[in-house]
Structures are given as C-alpha cells and as structure tokens.
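Asks: Chain F is fixed; fit chain V onto it per the hints.
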Amino acid sequence: MAKPIEATDGLGSIPALLQRNASQFANRPAYREKEYGIWQSWTWAETEKEIEALALGLIDLGVKEGDFISIIGRNRPYFYWAIVAAQSVGAIPVPLYQDASADEMAYVMDHCGARIAIVEDQEQVDKVIEIQGQLTEFEHMIYIDPRGLRKYDHSKLHEYSQIQDKGRATHAENINELRARREKLNYDSICVMLYTSGTTGKPKGVVLSNRNIIEASRSSSEFDKLRLTEEVLAYLPMAWVGDFIFSIGQAYWCGFCVNCPESADTMQTDLREIGPTYYFAPPRVFETQLTNVMIRMEDAGRFKKWLFDRYMEHARKVGGDILDGKSVGMMDRLKYGLGNLLVYGPLKNTLGLSRVRVGYTAGEAIGPEIFSFYRSLGINLKQLYGQTEASVFITLQPDGEVRADTVGVPAPGVEIRIADNGEVFYRSPGVFEYYYKNEESTKSTKDPEGWVATGDAGYFDEETGQLRIIDRAKDVGKMAGGELYAPKYVENKLKFFPNILEAVVFGNGREECTAFINIDLTAVGNWAERNNIGYASYQELAGHPKVLETIREHVETVNRSLAHDPMLGGCQVHRFLVLHKELDADDGEMTRTRKVRRGVISEKFNDLLTALYDGSDEIFTKTEVTYEDGRKGSISATLKIVDAAVVPVEGTRQVAAE
Amino acid sequence: MLDSVEPYTTEDGRKIGGVVMEMKNITLRFGGVTAIQDISFDIRDGEIRAIIGPNGAGKSSMLNVISGFYNPQEGEVFYKGEKRPPMKPFQVAQQGIARTFQNIALFEGMSVLDNVMTGRIRQMKAGLIAQALWKGKAEREEVENREVVEKVIDFLEIQHIRKTPVGRLPYGLKKRVELARALAAEPSILLLDEPMAGMNVEEKEDMSRFILDVNDEFGTTIALIEHDMGVVMDLSDRVVVMDYGKKIGDGTPDEVRTNQDVIDAYLGVAHD
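If you read the sequences in order, they're chains F and V.
Counting with the numbering used here, you get residues 1 to 658 for the letters of the first sequence.
Counting with the numbering used here, you get residues 1001 to 1272 for the letters of the second sequence.
Among the hints, erroneous ones may be present.
[To be verified] Under the rule of at most 30 Å between Cα atoms (straight-line distance), these lysine-lysine pairs were calculated in the DSBU-like manner:
id : chain 1 : residue 1 : chain 2 : residue 2
1  : F       : Lys166    : V       : Lys1151
2  : F       : Lys151    : V       : Lys1151
3  : F       : Lys326    : F       : Lys348
4  : V       : Lys1204   : F       : Lys581
5  : F       : Lys34     : V       : Lys1163
6  : F       : Lys546    : F       : Lys202
7  : V       : Lys1080   : F       : Lys151
8  : F       : Lys184    : F       : Lys446
9  : V       : Lys1204   : V       : Lys1137
10 : F       : Lys202    : F       : Lys604
11 : V       : Lys1163   : F       : Lys305
12 : F       : Lys348    : F       : Lys317
13 : V       : Lys1151   : F       : Lys127
14 : V       : Lys1163   : F       : Lys156
15 : F       : Lys151    : V       : Lys1204
16 : F       : Lys595    : F       : Lys478
17 : F       : Lys622    : F       : Lys595
18 : F       : Lys34     : V       : Lys1137
[What the hints assert, rightly or not] Computed beta-carbon distance windows for the label pairs:
id : chain 1 : residue 1 : chain 2 : residue 2 : range
19 : V       : Glu1074   : F       : Asp584    : 54 to 64 Å
20 : V       : His1227   : F       : Lys581    : 28 to 38 Å
21 : V       : Arg1168   : F       : Lys581    : 23 to 33 Å
22 : F       : Leu157    : V       : Glu1074   : 51 to 61 Å
23 : F       : Asn438    : V       : Ala1197   : 49 to 59 Å
24 : F       : Gly477    : V       : Arg1168   : 43 to 53 Å
25 : V       : Lys1125   : F       : Lys581    : 51 to 61 Å
26 : V       : Ala1197   : F       : Leu157    : 33 to 43 Å
27 : F       : Asp584    : V       : Arg1168   : 26 to 36 Å
28 : V       : Glu1074   : F       : Thr522    : 36 to 46 Å
29 : V       : His1227   : F       : Ala536    : 18 to 28 Å
30 : F       : Ser155    : V       : Pro1007   : 18 to 28 Å
31 : F       : Trp306    : V       : Lys1125   : 48 to 58 Å
Hints in this document: simulated from the structure, not taken from any laboratory.
Cβ coordinates follow ideal geometry from the N, Cα and C atoms, glycine included.
Pulled out of the complex, with its shape left as it was, chain F reads as follows (with noise of 0.2 Å):
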C-alpha cells in the first residue's frame, strides 16, 4: 500500500479545520436554523466559541480522551457542534439514527461502550433511559430540548446549554487541557464512528481517521469545484456517512454553510427559501417530487396543464444537451429560454432548486425520466456512487458527462478493480479504518493491499468509461434455465412507475420470475379521487381490481422493456401480488435507509411467496405489525394473485446486429 498521505498546513483533523475557519472565515455564516419561524444564523467566529463552550462543559463533565459520545437527533447546528467538541476533547463522535428503536439503540451503544449520549427531547431521553440498564459503560446525558423534562432526575441528566455555560465558567481552569487535546489529533485519530445500516446482519461500526474524512473531503470538493459560498440543506440523517461529509467535512474544508430545516414536515418551504447550491437527496426524494409536481398539475387549469406538457416535451428534446454544453440550434435554444421563463424558472423555484450548481443523487438507481426530468429543467444533477466505508466516494460523474444508467468515472485518489465474479473491488485515501471490535468482518471486507469488497456486482461501460452497477453481488444468479437474474435491476424499471413505490422480485434458480409490489398510496390515492374510488384503507386500495389492473400494465411495460434486453430478458415478471401493507423499517422489511431486505420478507412472507408458484389464484395471509411506538399488532388480507403476460426475449441476433 501507498504510503499515507499527510495533512497539509497542520489541518488535520476537523478542531484545526474550525479553528481555521474560525479566524479566516471569522465572519461567514456557518451555520443557520430555523427557530420560530425565522433564520437564525451562527458565523464561524460565533460556532468556534458555541463549539469551545460545549468541549469545555464536556471535560468538566470528565469526559476523558477515547471516550465514546452518541449523538441522537435530526440535523440541528447544536449536533453538528457536538461532534467537533467531542472531537476536540479527543472523544469519538458516534451519530445514531434518531428514529432507531430502543433494541438498535441499545445494541449499538453497548457495542460501542458509549459514556456519553447527547440527545434532542424527552422522547430521546425516555428512549435511553429505557435501555440504560443494558449498557455498561453509560454514565451521562446531556439534551437539548428541555421541555418535559424539569422533573426529571437530574444527577445524569443535563441540559446542553448548562454544560456550555459550565464551560464558559471554567474556562480558566480548562481551556490548557483542552488545547493539548486538540494539539494531539492528527490524521490518524479517529475522526467519528459511524454504523452500516446493515442490509444484513447486526450494524457494523466503521472507523473513519481524519484521513479518510479530510482527503475524501478535499478531493471531492476540488472535483466539483465546491466554494466558501456555497448553501447546503442539511436534511438526511447525521448517522449517514453522506451527511456527515456534506456537511461537515466539505462544509469545513470550504467553510460554507450548512442550513438546518425548521422541523422534518417543513422541509419543503424550507429548502425553498435556502435555495441551495449544492443539494444531495436519495432517488426516492426526486421521486416524490416530481410525483407531486405531476399530481398537481393534473388539477391544473387546461391552459396551464398545455403549457406544462408543451415546454417539458421540448425541455426533453434539447434541456439535457443545453446543460453538458452541446451544440443546439438557435430556434431550439430560444424556445427553450422562453420555457425557461414560462415553466422551468417557475418549478424549479417552487421545488427550492433555483440555485442548485452541483446536485448529487446516490443509493438507489433513479429512474432515467425522473434524472432526465430534473436535468432537462437545467439543474446540474448528477450520479455518484459511495459506501460509508469509502467515506462516500467511490465514483462521481463530472460535469457534462452524466447519464441515467451509469454511476460516474472513479473519484480522485480512488482505484476500481472488477473482479472475476464481477464484485467491485476499491481503494482510497478513503477507505476505512476497520470495523469497531469486529477483526473478522474487517479482514473479510479489506484485503491487506487496502483494496475494499463493495459488495455490488458491476463493470465499465465501454462507450463512456463509466461505472455501471447492476445489482448487490450476492443477488446476481441464474434463473433455471441459466439465463441472468438480477431482481434489482427489475425492481427499479418497476419503481419507476410513479404508481409503484416498492417491489421485491423473487426467482433465483427458479423457472421464472415473481414480484411482491407495493402501491404508492400518494399517486393511487388522488387517482382514486379523480376516478370516484372510494377506499376506507391502503389495504382495501391496494386490493381493488382496478389497482390491481393498473399495475399489471405497468408490470407488462417492464417486462416488453426487459424483452429488448438479451442479457436480462430472462427476469420478466410473469406473476405478482399487491401487498396488504407498505414494507416499513420497524418491521424489519427495510433497512432505515429504505433498503428492501430481500431474506427477511421472503422469509416473513413465505406463503405468499409459495403461492406466486403454486398456481393459486389467491390467498389469505396474516401478518404481525409493529407500530411506532413499538406495540405489535396484526391485519390479514386475501391477496389476489395476478398473471403478467411476458414476451419473449429478442434473443442474441439483434445484438449481433447491432
């Protein structure tokens, strides 16, 4: 392996970061929250002292060097100050999924033998005092919002803004400790901890230094040229690797500004007035989207609805090549300015995208008209694709050359070898460090050489140089007949259907293909209205026969798309079932990262699954359901089960043509 690379201008570790910040960028914005109904901002100059404030109340609190810090709750700049004051005081910062149950909770702080938890509200706080008696280590929590919370015990429990006034008061009698910590950190000291969400198995807590954090940061800032003036929405969850460089990595090797929405619900209004300039969301947020764009402009007045499907058919024609700088005709550009001023100005700024330079999806495949959608609007969206063990980047697609189906050119400092089996192999200044008392896993994902198993099978494109993931690795197989089976690959032709918010197809080593679909009850339910159908529940809609005949077109769509394909023409849906209930995390159907965990809902629903090949026409099934407050209950359903027509696949001749 290459030898390290080492921190420039004695910046390494993120305490540097800020205090450079702090005394160059004294008085940029570095933060801003909405609070009661205006912006509040905080300048670097003002977060170094919030940051020095807490770090200081921290060591008072005996916070000693190593310790670990949970840190529980939506983006708010009080978490993101967290995380640099217990960097500071040499602790490691572990973010959790606030919405995690109290068992995932409990199971990661103990693995992590956290002694600290920093946490929003009561409802955080009555989590961790459920679980308190199963950690050990556990000693203090300190929380933010006080409401409810007066009369609780307060000998281990603290309010985040007394530790920061108990830091400014022992300021005098601190701050030298506090220096010689920060002094101590390096690009070697654990920069945060944070835990795969596991598609399988029991999270994994991935080391990250300030290495992998700082260069994975640096690069991908230069690559996409990121400024001191750039806007992020700080929306996804702090416990995902993405946020964390976003707006913490990026925002401080630039020093821009990270904005945090007022509550989760108000999202929208808020990115509207933020404006971004450098906007990530998950396909699923694009999705929604333009879902709601496409609702309401079916209730649009018949001129505006013209005018609408006019511009965005030419928008179409010629948007995505005017956004990589291709040559257009003359007619067309000015067509296409007057649309602008028309249509595309106009949704773009109701969609809180106006100012939007670098856009990035990842995750998930995204649907080619949904990415086409958003780019021939004239907004620079663009594909990476990144584990958290890469610390995000493993590759980006650079302005001007981005397309729907493939994931980008390996990102700076990153090496990509596809292996045999055609499992992606990487190595970065970014790779991990290893996995948090776990050697096995570390061992089996990172060879000796650094070069990282992401897990998913892929390979170049030949016309663009591109990465092209097609599905997880240990998906991949063979149908019976040998031809390829990838039911991801399936799965997104199908989401792609606005109607279609979830499927999980089934078929390896079999004879043909299945699919359990989940309707998107947003799009079903307003074509209910529109068409008088009346529905008393997401099970009833999802059993009515008109459903139900909606979706096999969409599934027969998919499968003539499929046909073309000589490669996955064999995974054509040739049976489906609407699910009585959406696929949800506290089930344990998805990941929290909305990952559909395939082994466990066709283990869950096996007799639905045996029924899809058995012949049946229909089934009755109960299912066990756990509420968000974590009581468990049940609803049954008779399912119907719905034969697709498939096509037969165009074979190996066209291809020879081509």
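Replies: Relative to chain F, chain V alone:
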C-alpha cells in the same frame, strides 16, 4: 373553603396552589329547563380539573358559565378571591381565561398563523389607523406578538402548516390550532370543551401530551370537559361529575371511579 386548602405538590412534581376560581351554588335555567342546578366546586391554581358527565348533563353550560357566555340566575362565581359580577365573554377573556370550542370555531379562510395571531388581539393596543398603515406602534406590537405566537407554534409542533389555510386542515390539526390560539393569549386558566371529541387514538394521545405539557411548562390551570373516561382519569387531578344538571361526584379520579352514583350514572341502574 378558601382557607381550607393547602398548596401541595403532586406525585409527578407539579405544584398545585390555592383556589383560583370558585363556583358557588350555581343554577342556570333556560325557560323551564334547569340546565345546572345548585352546583358548587372550585378550581385550584395549576391543576387539571375535569368536568365529566353523560350527554345533556350540563357540562358545556357549566363551561359557558365560567367563560361568561351565560350568566347564571342564581349563585356566585369567585375569581382570584373576588366575586365576579355578570360579565361579557370578552371581559372574562381580559381576565386571563381562554377557551376552545367543542365544534371548532376558527376562521377557515385564514392561515394558521393568522388564526393564532387573533389570540393576541387582547394585547394589541394600536389604533385602527396605525394598524392600517402598519407603522410605529402597530409594527412593533405585531413583531412582539408574532414572537409569542411563534413560540406557541413551536410548542404545539405545527410549524409545517403555519401558512396553510385552516379550512384545508384535517380535524385533529384544527383542534390543535384552536388550542394554539387559546394559548397565544397566555391565559391563566384554559377552558377546553371536549378537546378530544372525534379524534382517533393517535390524535388523542398527541392532544393529551400537549395538554399535560401546557400545564407543566406554563403552569396553566386547565378546566376541561371530556367524554372519554380513560383520558379524563389519566389527565386530571380532580374530577367533577355531573348528571341531569346536578353534581353527583367530586374528587380525585380514584375517588370518582369508586363513587356509586357515578357508576350508576354511567352504567345505568337496574330497576327492580
């Protein structure tokens, strides 16, 4: 009565003070119908006081007497130790008593924010012209009041519908907006008329949480009418039970639950 009560602290650490409001021998008639007959009870500072009873028991009438909407033919109302003369509802409001309604009374066409702002009207002193021109005092007042309103919006977690017209909201949220408007007045006594009527379980849980939080956080005295016995027993410190305009029980939820008259009124009595 007034001197017989000692301030105390509840099990969960809330401080309950002396009597703030006392109803003495209240009788209210509508023509020949006696809606309330000779009822006396008190409300203590900082407590959650429930009035329960079957349909037509006179609960809402009782609340309307407290809010000044009805003036009883007989009996006296003491507020903070002083006898209250017959008053108009707005005068009662000026004394720091705010309320919500059983059948939501919001301005449907106005946004949530504007609706909640109306709860501050009592605090706005600027004249008509100043308000219209929105200069000087009017502007300052608006800013100050908006601050209070924003805190309430934050407290009740309705930021996401701040600008939404009330008419477009679902029932449960409208109820919450109504509570917000009452809270914006920073009342010392809050009267809630069936705050949970027509709600589903989740909405009820939310509303209960908010009622407890309001009481806990601001020390607001709360008098509420409620149908759902379970909710009442969990929420309130003391309960008045009414039936056919008469008081048939008064005490802590446990006392009331074991009161034979109350059981009879709710479950019916077997006639020999």
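Asks: So, for every hint listed, does it hold in this structure?
Replies: Status of the hints after comparison with the structure:
no.: 1; hint: F:Lys166 <-> V:Lys1151; result: holds (26 Å)
no.: 2; hint: F:Lys151 <-> V:Lys1151; result: holds (21 Å)
no.: 3; hint: F:Lys326 <-> F:Lys348; result: holds (22 Å)
no.: 4; hint: V:Lys1204 <-> F:Lys581; result: holds (24 Å)
no.: 5; hint: F:Lys34 <-> V:Lys1163; result: holds (15 Å)
no.: 6; hint: F:Lys546 <-> F:Lys202; result: violated (41 Å)
no.: 7; hint: V:Lys1080 <-> F:Lys151; result: holds (28 Å)
no.: 8; hint: F:Lys184 <-> F:Lys446; result: holds (28 Å)
no.: 9; hint: V:Lys1204 <-> V:Lys1137; result: violated (41 Å)
no.: 10; hint: F:Lys202 <-> F:Lys604; result: holds (18 Å)
no.: 11; hint: V:Lys1163 <-> F:Lys305; result: holds (26 Å)
no.: 12; hint: F:Lys348 <-> F:Lys317; result: holds (18 Å)
no.: 13; hint: V:Lys1151 <-> F:Lys127; result: holds (26 Å)
no.: 14; hint: V:Lys1163 <-> F:Lys156; result: violated (40 Å)
no.: 15; hint: F:Lys151 <-> V:Lys1204; result: holds (23 Å)
no.: 16; hint: F:Lys595 <-> F:Lys478; result: holds (22 Å)
no.: 17; hint: F:Lys622 <-> F:Lys595; result: holds (23 Å)
no.: 18; hint: F:Lys34 <-> V:Lys1137; result: holds (26 Å)
no.: 19; hint: V:Glu1074 <-> F:Asp584: 54 to 64 Å; result: holds (59 Å)
no.: 20; hint: V:His1227 <-> F:Lys581: 28 to 38 Å; result: holds (32 Å)
no.: 21; hint: V:Arg1168 <-> F:Lys581: 23 to 33 Å; result: holds (28 Å)
no.: 22; hint: F:Leu157 <-> V:Glu1074: 51 to 61 Å; result: holds (52 Å)
no.: 23; hint: F:Asn438 <-> V:Ala1197: 49 to 59 Å; result: holds (54 Å)
no.: 24; hint: F:Gly477 <-> V:Arg1168: 43 to 53 Å; result: holds (49 Å)
no.: 25; hint: V:Lys1125 <-> F:Lys581: 51 to 61 Å; result: holds (56 Å)
no.: 26; hint: V:Ala1197 <-> F:Leu157: 33 to 43 Å; result: holds (37 Å)
no.: 27; hint: F:Asp584 <-> V:Arg1168: 26 to 36 Å; result: holds (28 Å)
no.: 28; hint: V:Glu1074 <-> F:Thr522: 36 to 46 Å; result: violated (58 Å)
no.: 29; hint: V:His1227 <-> F:Ala536: 18 to 28 Å; result: holds (24 Å)
no.: 30; hint: F:Ser155 <-> V:Pro1007: 18 to 28 Å; result: holds (26 Å)
no.: 31; hint: F:Trp306 <-> V:Lys1125: 48 to 58 Å; result: holds (52 Å)
The structure is inconsistent with the numbered hints 6, 9, 14 and 28, although it conforms to all the rest.
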